[in-house]
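**Q** Here is what each chain is made of, one letter per residue.
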Amino acid sequence: MKRIGYTSSSDNFHDLYLGHGIYIHWLRNTLCKTIRLDLILSQAFRRPDNAYGALVSRLGERGTIAFPSMQELGRAVDHLYGAFLSTDVSVLGNRHFSHVSLEVLAPKHVEKSDCSGLLLSALDMVRQVAMEPLREDGEYRERYVLEEKRSLREQIISLYSDKMAYALRRCADEISGARVSSLGNEEDIEEIDAGRLVAFHRDLLRESEVHFYISGHISARDVIAVSRQIPLWFKATGRAEEKGKYQTETPMADTHSVRHLFECGQVKQSKLIYGFEVPVAQDLRSYVALLVLNALLGGEITSFLYRYMREDKRLCYFIESQVDPLLGRAYVLASVEREDYHSALEEINRGIDDLKGGRIMLKEWTRTMALLGHRIAALRDDRDALQRMNIRSLVSGFPITLGEMEYHLSSIRLEEVVHCARTMTPRVVYFLYGDQSEATVN
Amino acid sequence: MSLQRHYCGKLDEELYTATLSGGFELWMMPKKGARQTVAQLSVASGVIHQMEGRYGVGVAHMLEHLLFEKPEGEIAQRFADLGGDINASTGLEGTEYVLTCGVGVEECVPLLFELVFDGRWTEERLDREREIIASEIGLYGDDPEWVGYYSSLSNAYGNHPIAWEIAGDQSLVETLDTGFLQRWHQTFYRPNNIAFFVAGDFEVRGFLSACETALRQYALPCSPRGMELINPLSECPPCQDATEKWASIELPIRNAQVFIALPDLLTAGEGRNVQRELALELSLDMVLGPTCDAYVALYEAGLVAGDTFAADVCMESTCGFLLISAETADPQAFTRETFDALSHSFRRADFEGDIDRAKKKMYGQLVRSFETPEGCVHLMEAARQLGASGPFDYMEALDTLTSEGVFDQWKQGVGHLGGGVALILPPRGGQYELK
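Going line by line, the protein sequences match chains A and B.
Residues in the first sequence are numbered from 0 upward in steps of one, following numbering that gives the first Met the number 0.
Residues in the second sequence are numbered from 0 upward in steps of one, following numbering that gives the first Met the number 0.
Any given hint could turn out to be false.
The calculated PhoX-like cross-link candidates involving lysine-lysine, where the alpha carbons are at most 20 Å apart (straight line), are [as the list claims (entries may be wrong)]:
#	chain 1	residue 1	chain 2	residue 2
1	B	K69	A	K362
2	A	K111	B	K9
3	A	K107	B	K31
4	B	K69	A	K312
5	A	K107	B	K69
6	B	K31	A	K111
7	B	K31	B	K9
8	B	K244	A	K107
9	B	K9	B	K359
For the record, the hints were derived by calculation from the structure and aren't laboratory data.
Start from the sequences, fold in the hints, and give me the full structure.
**A** Spelled out as structure tokens, the structure:
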């Protein structure tokens with residue numbers, strides 16, 4: 000076993016490379032009452048593989064060889080003291096992730112007779128869901144495939160119910176020029192070839208990078224037990240000895256103009272999304288600078304847009320900004336009245352101009368940094384966040400650790416944030432408006 | 000003032016409780032080494048409270064907004080100076096002011112007390128908040144979950160405060176004046192009407208002392224003369240019909256959504272407590288949980304879209320109900336099948352065969368809830384609302400529950416099957432025929 004480059008301090012996951020593209024990450028936190036096991040399979044994002052990945056992930060929860068129905072599987076999980084099992088898929092940068100997670104009580108909280116076997120049973124449950132889905136004559140059960148295709152389609156279209164999420168996705172799609180969805184598109188799901196699913200699953204296990212996270216109230220013995228088990232799971236999959244490192248691609252803009260898109264969507268209150276490109280963070284300092292930029296712009300109650308749009312002009316109740324430093328995107332989201340479209344845009348531009356001009360009072364700067372500092376410190380007890388940070392390290396190619404984030408936060412200068420703001424390139428203004436109002440949008 | 004210590008061996012957690020001057024209750028769960036501390040002031044000023052013949056709908060929420068606006072500026076900014084993050088929400092039975100911060104929560108205590116006890120604001124500020132709240136009300140109008148939740152409650156309870164939207168409507172907000180809001184503040188924001196919950200890394204005596212000092216500095220004295228009658232409802236009367244009531248609303252969504260609210264009825268002399276809440280939770284898991292025949296049948300028949308099915312118990316001291324919801328391609332069939340499953344659930348033998356699994360699952364869920372300071376504060380508040388001596392009562396109550404006891408409470412509480420149903424339909428909802 001060798002330690003890999005991006006390993007970090009005790010406030011973050013420890014990382015071990017086990018060969019064959021398999022990594023173990025562990026984090027000990029004795030305040031936890033549980034142990035979390037997370038198996039993450041990572042592949043380059045490709046259409047329509049994302050749809051196949053999403054379907055295979057759902058089929059894992061439908062039944063395994065040992066527990067052939069979701070009822071039997073669910074009951075077996077419940078008997079592990081109400082362990083919590085979940086499967087999902089996600090996209091980060093140019094990677095697609097399939098994820099099986101199981102959270103089980105730490106031994107000190109269960110009956111003595113169950114102490115020793117609980118973790119191993121939980122571990123085996125993760126293996127079964129990820130690697131031994133129910134098959135009949137070598138194929139996935141046809142009825143399950145049909146039902147899960149339907150569920151996946153419905154999961155995608157349910158996004159239309161959340162108008163803000165829908166508007167944000169439309170804006171993001173317009174900037175990217177393509178839909179980047181962890182679940183796939185409706186048409187991709189429709190066209191999934193059931194006969195290809197088994198081969199897809201086999202390739203997923205053979206070719207993905209494997210990251211196994213164990214976190215919570217764990218002992219060294221637990222980590223060793225897991226480290227011995229995981230390579231055995233993949234022994235028969237025919238994995239190559241070494242895997243290549245991720246390549247982070249910087250998305251290139253295809254145009255330099257700002258597009259204004261309007262959609263009439265039967266909403267009571269209009270949804271305004273202002274999308275920008277920002278340079279993809281190449282190191283942790285530029286990553287932190289983007290986080291500070293976001294906090295100053297609209298990420299906190301101390302931000303420009305909160306004050307300008309909500310407090311001063313009362314244009315909205317909901318206003319926030321988001322930034323994705325690894326994809327190079329920033330968004331401002333607001334729920335406004337249709338007739339306030341121009342005023343809202345004006346205020347957003349005012350906030351950005353103030354940032355670009357460095358017009359930030361010392362008091363605002365100090366408050367924002369204090370809030371961000373608190374948020375980063377609080378992440379130390381948040382396993383989910385630490386795991387996400389670890390994955391972000393993998394995708395970005397540079398270490399993202401709490402200690403170093405705190406260092407950069409404490410030393411970052413206003414000029415660096417202003418420089419970031421000046422690189423913000425407006426790309427798309429997307430406005431979803433209702434048709435009740437007489438006001439016109441031009 | 001006496002400080003009481005409670006300890007739970009199963010969780011290895013301790014709770015300290017104290018009643019300070021004026022009847023101010025303090026519940027503390029120290030978690031040495033936690034990087035986040037959560038402190039919550041819960042004021043019994045909610046929708047169901049009344050003053051001068053007027054319910055708290057709109058009023059309690061407006062006050063929650065106004066208290067952030069001190070003449071010196073937004074108090075949230077001063078919390079930010081201390082690295083604290085402050086938020087608030089108003090509900091049926093109260094208004095909660097929640098602070099999250101790192102170590103050193105004691106430094107934030109005076110500011111928290113200033114936030115709730117210092118009721119100074121200007122007319123201009125009230126006008127501004129009217130506009131912001133109008134925007135907030137508009138925002139919720141596009142949220143199918145929000146609309147479905149209140150519509151199902153309205154069908155279950157009729158024209159009753161439990162089914163009224165917390166912020167009120169725009170015309171109600173327009174009628175609020177400073178004088179009434181001041182009187183409301185002076186009436187409800189009293190030490191004996193407030194409980195303080197904290198969980199995280201702090202020193203118990205130091206925190207207690209900070210609270211006593213801040214209370215002396217900011218709290219209004221508890222003068223009986225100044226107190227108005229606080230008149231929460233003893234019990235929300237649900238509709239007594241033995242049939243469900245339906246409503247359908249069109250919203251611009253792609254999947255139809257169903258919301259079923261089923262009131263939990265008490266018999267004379269009974270009260271809501273943690274045991275009852277757990278009994279209903281266990282029952283719901285055994286009747287409609289993901290491992291039950293009924294759920295699997297709904298899922299395999301395509302009546303549940305994706306992972307959208309949810310079945311929860313909502314219980315406060317004045318009312319309790321089950322809320323079942325899902326996105327579905329056929330809302331009518333989903334509702335019919337769900338009521339069928341509920342009506343077939345009143346067989347004692349089914350509970351006997353499944354209670355061990357359900358209790359084991361619940362045990363794990365409860366232990367997990369104590370993992371974070373946020374979870375601990377939530378449990379402390381829930382336990383206090385239901386008259387428990389502490390959140391550890393949940394663990395003890397679970398131990399004592401038997402299949403017979405659980406079944407009896409289930410059958411007696413929801414056996415009437417008189418509920419409210421809201422169907423949120425896509426614009427061309429005419430394809431769904433209502434009963």
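**Q** Please go over all the hints and tell whether each is borne out by the structure.
**A** The hints, checked one at a time:
Pair hint K69/B plus K362/A holds up; C-alpha atoms about 18 Å apart against a cutoff of 20 Å. Restraint check: the Cα-Cα separation between K111/A and K9/B comes to about 12 Å, which is no more than 20 Å; the hinted pair holds. In summary, the hint linking K107/A to K31/B is supported, as the alpha carbons are separated by about 18 Å, within the 20 Å threshold. The hinted pair formed by K69/B and K312/A meets the criterion: a straight-line CA distance of about 18 Å does not exceed 20 Å.
As the CA atoms of K107/A and K69/B are separated by approximately 48 Å, the hinted pair breaks the 20 Å bound. With a C-alpha separation of about 26 Å, the suggested pairing of K31/B with K111/A is violated against the 20 Å cut-off. Using a Cα cut-off of 20 Å, the hinted pair K31/B and K9/B holds, with the two alpha carbons roughly 17 Å apart. For the hint pairing K244/B with K107/A, the CA-to-CA distance comes to about 48 Å; that exceeds 20 Å, so the pair is violated.
Straight-line distance between C-alpha atoms of K9/B and K359/B comes to about 14 Å, which keeps the hinted pair within the 20 Å bound.
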